[in-house]
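Generate coordinates for the entire structure from the input sequences, incorporating the hints supplied.
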Amino acid sequence: MWKTILRRVLLMIPQIIILSLFVFLMASAMPGDPFTGLITPDMDPATIERLREAAGLNNPWYIRYWDWIVNAIQGDFGKSFTYKIPVSEVIGQRVGNTIWLSIVSLVFTYLLAIPLGMFAGRYNGSWGDKAISFYNYFSFAIPTFVFALLLIWIFGFNLGWFPTRGTVQTGVAPGTFAYVWSRIYHLILPALSYALLATTSTIQYLRTGVIDAKQEDYVKTARSKGVPENKVYNKHIFRNSILPIASFIGYDITGLIGGSIFIERIFSFPGMGRLFIDSLLARDYSVITALILLFGLTALFGTLLSDIIMSIVDPRIRIE
Numbered sequence: 001m002w003k004t005i006l007r008r009v010l011l012m013i014p015q016i017i018i019l020s021l022f023v024f025l026m027a028s029a030m031p032g033d034p035f036t037g038l039i040t041p042d043m044d045p046a047t048i049e050r051l052r053e054a055a056g057l058n059n060p061w062y063i064r065y066w067d068w069i070v071n072a073i074q075g076d077f078g079k080s081f082t083y084k085i086p087v088s089e090v091i092g093q094r095v096g097n098t099i100w101l102s103i104v105s106l107v108f109t110y111l112l113a114i115p116l117g118m119f120a121g122r123y124n125g126s127w128g129d130k131a132i133s134f135y136n137y138f139s140f141a142i143p144t145f146v147f148a149l150l151l152i153w154i155f156g157f158n159l160g161w162f163p164t165r166g167t168v169q170t171g172v173a174p175g176t177f178a179y180v181w182s183r184i185y186h187l188i189l190p191a192l193s194y195a196l197l198a199t200t201s202t203i204q205y206l207r208t209g210v211i212d213a214k215q216e217d218y219v220k221t222a223r224s225k226g227v228p229e230n231k232v233y234n235k236h237i238f239r240n241s242i243l244p245i246a247s248f249i250g251y252d253i254t255g256l257i258g259g260s261i262f263i264e265r266i267f268s269f270p271g272m273g274r275l276f277i278d279s280l281l282a283r284d285y286s287v288i289t290a291l292i293l294l295f296g297l298t299a300l301f302g303t304l305l306s307d308i309i310m311s312i313v314d315p316r317i318r319i320e
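Numbering of the sequence shown is given in my numbering, commencing with residue 1 and proceeding in unit increments.
Worth flagging that the hints you see were computed from the coordinates, not collected in a lab.
Taking lysine to aspartate or glutamate and the EDC-like style, the derived pairs with C-alpha atoms no more than 16 Å apart in a straight line are:
id, residue 1, residue 2
1, Lys79, Glu89
2, Lys214, Glu229
3, Lys84, Asp278
This one's a predicted model, so the numbers in the text were calculated from it and none came from an experiment.
Encoded structure:
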């Protein structure tokens with residue numbers, strides 16, 4: 001298994017090279033550059049041209065790519081044109097917020113999806129199953145930004161239960177219990193907004209798995225031996241029905257990191273998603289290329305992580 005993991009990691013090297021080249025070329029093809037916004041009627045064009053020359057933007061694309069990738073391997077993604085500090089420092093200030101938002105969202109997702117999926121599969125055809133199916137259709141159809149704005153309007157402005165922006169209350173001293181609670185409190189509504197829409201596939205996979213497992217011979221045998229119904233579902237059916245979901249855990253974990261763009265933007269949450277949108281608007285190529293490369297790397301490692309999780313959950317499945 002470890003040899004296979006090492007081989008998979010080595011095979012990811014050419015994928016990363018192709019991804020980095022694609023990301024760099026796409027960013028370079030964007031109209032304008034970081035200095036376009038500085039051009040005004042009273043600005044000397046020669047000054048702008050000197051800035052572009054100093055930044056290396058006038059060099060051929062292959063020279064700029066080579067310089068960028070060599071520095072990136074060493075952890076240097078250049079300097080942000082917007083924030084005037086190294087890109088690694090800009091991302092470092094936001095990555096923690098996105099990771100915590102992703103973790104809380106993932107916890108909410110499975111806390112909601114697993115009970116609902118088990119209930120729908122166990123009592124398929126009931127009114128409860130139909131209500132869960134309607135919720136699935138609704139969560140699948142409604143756009144993320146519309147649903148997030150709806151929750152902000154209900155729970156933020158009307159009821160006032162949760163804050164609607166930021167990561168911590170202004171004026172709270174870091175390191176105190178009030179600070180920690182404020183961070184958690186600010187995470188709840190954006191994480192819940194994401195989780196309520198992310199449960200669709202998990203509920204559907206689990207529901208289908210439970211319905212199929214109910215007809216298997218091992219379930220009929222357990223029932224014939226007098227095993228309690230709750231134990232049949234919790235021990236036998238659930239264990240086998242959870243396998244398709246386990247295969248997607250790696251994708252879910254890494255997908256949350258790059259998939260929180262709309263949530264962070266709507267909630268003014270200073271994470272990597274909001275940084276990505278702001279960098280696009282500012283044509284900050286250094287940050288854009290670094291973030292897209294990071295999102296691509298997490299997707300590649302998510303594939304590997306899913307295979308590892310599957311081999312742990314089901315001993316019959318091994319990576320060969």
